Amino acid sequence: QKEVEQNSGPLSVPEGAIASLNCTYSDRGSQSFFWYRQYSGKSPELIMFIYSNGDKEDGRFTAQLNKASQYVSLLIRDSQPSDSATYLCAVKGGKLIFGQGTELSVKP
Amino acid sequence: GAVVSQHPSWVICKSGTSVKIECRSLDFQATTMFWYRQFPKQSLMLMATSNEGSKATYEQGVEKDKFLINHASLTLSTLTVTSAHPEDSSFYICSAGAGTSGRASGDEQYFGPGTRLTVT
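Chains as they are written, first to last, in this note's numbering: chain F, 956 to 1063; chain Y, 18 to 137.
Hints are supplied without guarantee of correctness; some may be wrong.
Simulated pairs of lysine-lysine, DSS-like, Cα-Cα distance not exceeding 30 Å [said to hold, decoys possible]:
#1 Lys-1050(F) <-> Lys-997(F)
#2 Lys-31(Y) <-> Lys-957(F)
#3 Lys-83(Y) <-> Lys-957(F)
#4 Lys-83(Y) <-> Lys-1022(F)
#5 Lys-58(Y) <-> Lys-1050(F)
#6 Lys-72(Y) <-> Lys-1050(F)
Source of the hints: derived by calculation from the structure; they are not laboratory data. Keep in mind the model is a prediction, meaning the values are calculated, not measured.
Start from the sequences, fold in the hints, and give me the full structure.
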């Protein structure tokens, strides 16, 4: 079992829809959870971090964490074509572990 | 967020030569910096963790004599790929974690723009 698992996608949503990205992790001792966005050929950009169970909202982005289920998700509301990228989930227990990433495509 | 720079952004070198990549934290002090490698369509692979003033910690399978890391100050870490070979061609990305004096509030890592290395 991979330490951090994401569906590789591609996930395709129409412009204006909600994109839902999911991530599960295996280390129950993990304390910090991050979502990075990576455009093709570029380095990752931190877009959200969450440390406590529940929801955390920042603009069009909402991160959701459920430690009991070892699950973290990212919702993108009103998706735009510019949101098309690979989204990396990262989980920190001892070290930061990245998932494989989910490719999101937002169609105009 | 905190700003991390990397130089050069891309480099082409001949097989057998060495290449140095610099990573700088521009607006915060980075007690810890990380070096990653990313092959096309794959996720980030942590190569090593460098702590200011001490030896780097390398991940399993990463040759420390081939990938030399120096973290001489709180704002600069360097990665030198020695005797580069075509299989070393990759996208190398550094990231920095802010220390207690940094802007970040927790465990966030901020990435540099990356260096694309091509070895011919």
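Okay, the hints, checked on the actual structure:
no., hint, result
1, Lys-1050(F) <-> Lys-997(F), "holds, 23 Å"
2, Lys-31(Y) <-> Lys-957(F), "violated, 36 Å"
3, Lys-83(Y) <-> Lys-957(F), "holds, 28 Å"
4, Lys-83(Y) <-> Lys-1022(F), "violated, 39 Å"
5, Lys-58(Y) <-> Lys-1050(F), "holds, 22 Å"
6, Lys-72(Y) <-> Lys-1050(F), "holds, 17 Å"
Of the numbered hints stated above, those contradicted by the structure are hints 2 and 4, listed in ascending order.
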